[in-house]
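Engineer: Just so you know, the sequences run in chain order A and B.
Each residue of the first sequence is one higher than the last, beginning at 1 in the numbering used here.
Each residue of the second sequence is one higher than the last, beginning at 1 in the numbering used here.
There may be inaccurate statements among the hints.
[Unchecked claim] Using 30 Å as the maximum straight-line C-alpha spacing, the simulated DSS-like pairs for lysine-lysine come out as follows:
1. A:K89 with B:K262
2. B:K276 with B:K170
3. A:K45 with B:K321
4. B:K262 with A:K11
5. A:K102 with A:K45
Hints were generated in silico from the structure; no laboratory data involved.
In this text, all values refer to a predicted model and were calculated from it rather than measured experimentally.
Residues per chain are reported as follows:
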Amino acid sequence: MNYPENFRYTKEHEWVSLTGDMATIGITFHAQEELGDIVYVDVPKAGTKVSKGSTFGSVESVKAVSDIYAPVSGEVTEANAILASAPEKLNADPHESAWLIKVRVKDAAEFNNLMTASEYQTYVGAEH
Amino acid sequence: METALKRTPLNEVHRAAGARMVDFGGWDMPVQYSGLIDEHNTVRNAVGLFDVSHMGEIEIRGPEAMQLADYVTTNSVAKLQCGQAQYSGLLYEHGGFVDDILVHKVADDSFFLCVNAGNQEKDFEHIRNANKFDCEVEFASERYAQLAIQGPKALETAQKLTETPLQQIKYYWFADGMFAGVPARIARTGYTGEDGVEVYTAPEHAVVVWNAIMEAGRPFGIKPCGLGARNTLRLESKMALYGHEISDSITPLEADLGWIVKLGKGDFIGREALVKQTPTRKLVGFEMRGRGIGRDGYEVLLEGKPAGWVTSGSPSPTLNKNIGLCYLPLERSRPGEKIEIVIRNQAVEAETVPTPFYKRSQ
Chain A
1 MNYPENFRYT KEHEWVSLTG DMATIGITFH AQEELGDIVY VDVPKAGTKV
51 SKGSTFGSVE SVKAVSDIYA PVSGEVTEAN AILASAPEKL NADPHESAWL
101 IKVRVKDAAE FNNLMTASEY QTYVGAEH
Chain B
1 METALKRTPL NEVHRAAGAR MVDFGGWDMP VQYSGLIDEH NTVRNAVGLF
51 DVSHMGEIEI RGPEAMQLAD YVTTNSVAKL QCGQAQYSGL LYEHGGFVDD
101 ILVHKVADDS FFLCVNAGNQ EKDFEHIRNA NKFDCEVEFA SERYAQLAIQ
151 GPKALETAQK LTETPLQQIK YYWFADGMFA GVPARIARTG YTGEDGVEVY
201 TAPEHAVVVW NAIMEAGRPF GIKPCGLGAR NTLRLESKMA LYGHEISDSI
251 TPLEADLGWI VKLGKGDFIG REALVKQTPT RKLVGFEMRG RGIGRDGYEV
301 LLEGKPAGWV TSGSPSPTLN KNIGLCYLPL ERSRPGEKIE IVIRNQAVEA
351 ETVPTPFYKR SQ
């Protein structure tokens, strides 16, 4: 699987990309694969504050429900509307069209402290 | 992983095929291959193949084998004919389940029990301790692999591999014969609600048999299936899963399994407790009305008050609804009861419904 080089990754299998102070957050290919067929995605509305390391939503598959943790702190500016009606998109395209939320970050350093693509792939490989 | 997981003889086959493996009660098992929903639908519409070699086998043999089998199980072993199989309960004296099992009558003096993977050692001890008869009990799990071929195309698939006429084996009967060139026990049983067979063979033949089935089923679009699909298939058909619908603190009467209890057959372990029991709770099906999935362990409310718990819950790929099973007070267990299920601290509306959720057309 291709893990974009410009993303950063968490141990809880979220990814984040950063343009200026705007972060886009999603779950990784590995995460959706672990979950299997996704049926519900719950993410916060615009205006909600999220803080790094805290749960901000959940992803539910046929098998199980899993919390999602904020990789960075900030304020939600947009939730991906596609996922309410087509949660299965998260299985098909987790790194692009099926992003979860966009966040205006407070501290870009939080981004830089996360895992790089190659670090994450090593981490995922070591999990097995 | 601290302790080594147990592996079936097909472990390498699963890994080579890209299955996602999980720790299932100490066994390294495939949870899914192509995808849970895809595998589920393949079994409902065509044919799927499951490795269920983790299941345990116990054999009872000897002049009084029938008496022991009848004494440790709830259903009537005496009524079985040679070549017939029976779903049954193995109970403690207090009426709770040791396990739910399949009893196969091989001969008048020989019975073959298929038991749950996680319970097999416990079951064996339980039966051996109850053996006051002239017969022997053997823990035979190491001698068997088990493959389940399930779906409307299962018999056509399996028939290519055996001269045993499968259509003549009635539902819940079995025959011993050659299958894919090796000796096997072929049972018309399953845990999916579809027609199909379960094939028991020696572990050293498992890979050959697996590959032969995959090849035979190819024209029908056969797919290997994991435990994920096995669970949604059995749930739609309201088949119990030990540790969920049934356990050591649940009796068959509560679990809506009165049909496997034959109080009139004579003494058996747990009988006295069942005779005395006036069940106050019952297993019942529900459908979610609000958004969410009621999963095992979630609390069930009636008029806002705790009244029961969910034993299994999942989206139903066949019905496209969120379904589940739960325990409710007996007097509130009829279909049409408005209930609520506490999903992550929120009470979500649901309603009790008739079961099974899915029944195949004959």
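Engineer: Are the Cα atoms of A:K102 and A:K45 separated by 30 Å or less?
Structural biologist: Judged against 30 Å, a Cα distance of about 10 Å means the pair holds.
Engineer: Does the structure keep B:K276 and B:K170 at a Cα separation of 30 Å or less?
Structural biologist: violated (36 Å)
Engineer: Would you mind confirming whether the straight-line C-alpha gap from B:K262 to A:K11 stays at or under 30 Å?
Structural biologist: violated (54 Å)
Engineer: Assess, step by step, whether the Cα of A:K89 is no farther than 30 Å from the Cα of B:K262, and give holds or violated.
Structural biologist: violated (51 Å)
Engineer: Are A:K45 and B:K321 close enough, with their CA atoms no more than 30 Å apart?
Structural biologist: holds (26 Å)
Comparing the model with each numbered hint stated earlier shows that hints 1, 2 and 4 do not hold.
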